[in-house]
Amino acid sequence: MNAIDLRALLADPVQSGAYFIDDRDTAAMAQAGTALDFGVARIDLSGCGDKTELLARLARGLQFPSWFGGNWDALADSLGDLAWWPAPGYLLMVEQIGGLREADDDTFATLLSILNEAAEDWRERNVAFWALLPLPADALAALET
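145 is the number that the numbering used here gives the last residue of the sequence shown; the numbers go up by one with no jumps.
Please keep in mind that the hints were generated in silico from the structure rather than gathered at the bench. Please note: incorrect hints may appear among the correct ones.
[Claimed, not checked] If you anchor each label on the Cβ, the simulated ranges turn out as follows: (1) Gln63 to Glu124: 21 to 27 Å; (2) Thr110 to Glu144: 20 to 26 Å; (3) Ala141 to Asp37: 31 to 37 Å.
[Said to hold, decoys possible] In silico lysine to aspartate or glutamate, EDC-like type, Cα no more than 20 Å apart, as pairs: (4) Lys51 to Asp106; (5) Lys51 to Glu117; (6) Lys51 to Glu95; (7) Lys51 to Asp105; (8) Lys51 to Glu102; (9) Lys51 to Asp73.
The beta carbon of each residue, even a glycine, is placed where N, CA and C say it ideally should be.
Can you make the complete structure from the sequences, with help from the hints?
See below:
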């Protein structure tokens with residue numbers, strides 16, 4: 001897919017949501033989001049193994065306001081607001097997710113649900129909200145089987 005195709009894809013709120021992608025596409029996706037003037041955040045979850053650390057890293061990476069409560073409801077509320085980060089669309093790159101998936105699958109499943117709910121909420125406002133979760137090609141292929 002070329003850069004123009006990526007921008008067209010990312011600009012379409014109807015298709016936005018939380019998706020696993022090939023980690024080799026991470027840089028191109030981030031560049032396309034930047035070219036669209038989207039709010040782009042890269043959140044590294046290396047070594048993250050539980051909900052508390054996950055929420056702390058998301059709060060730092062997305063520069064949540066001081067009122068962020070550090071729980072699932074607060075995450076959902078913050079992702080649905082983003083008033084402190086005005087942009088025509090949003091692209092979150094949630095990287096190095098393997099450790100969290102292995103350590104706490106329930107937390108990971110809840111995160112995916114909240115990210116998809118946020119995308120649905122933004123879609124209703126005609127704003128693209130993408131949460132991309134890069135995986136190595138072999139791990140991505142394993143999901144497809």
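These are the hints, each one checked on the structure:
no. : hint                         : in the structure
1   : Gln63 to Glu124: 21 to 27 Å  : 24 Å, holds
2   : Thr110 to Glu144: 20 to 26 Å : 23 Å, holds
3   : Ala141 to Asp37: 31 to 37 Å  : 33 Å, holds
4   : Lys51 to Asp106              : 9 Å, holds
5   : Lys51 to Glu117              : 18 Å, holds
6   : Lys51 to Glu95               : 16 Å, holds
7   : Lys51 to Asp105              : 10 Å, holds
8   : Lys51 to Glu102              : 13 Å, holds
9   : Lys51 to Asp73               : 13 Å, holds
Consistency note: the structure conflicts with none of the earlier hints.
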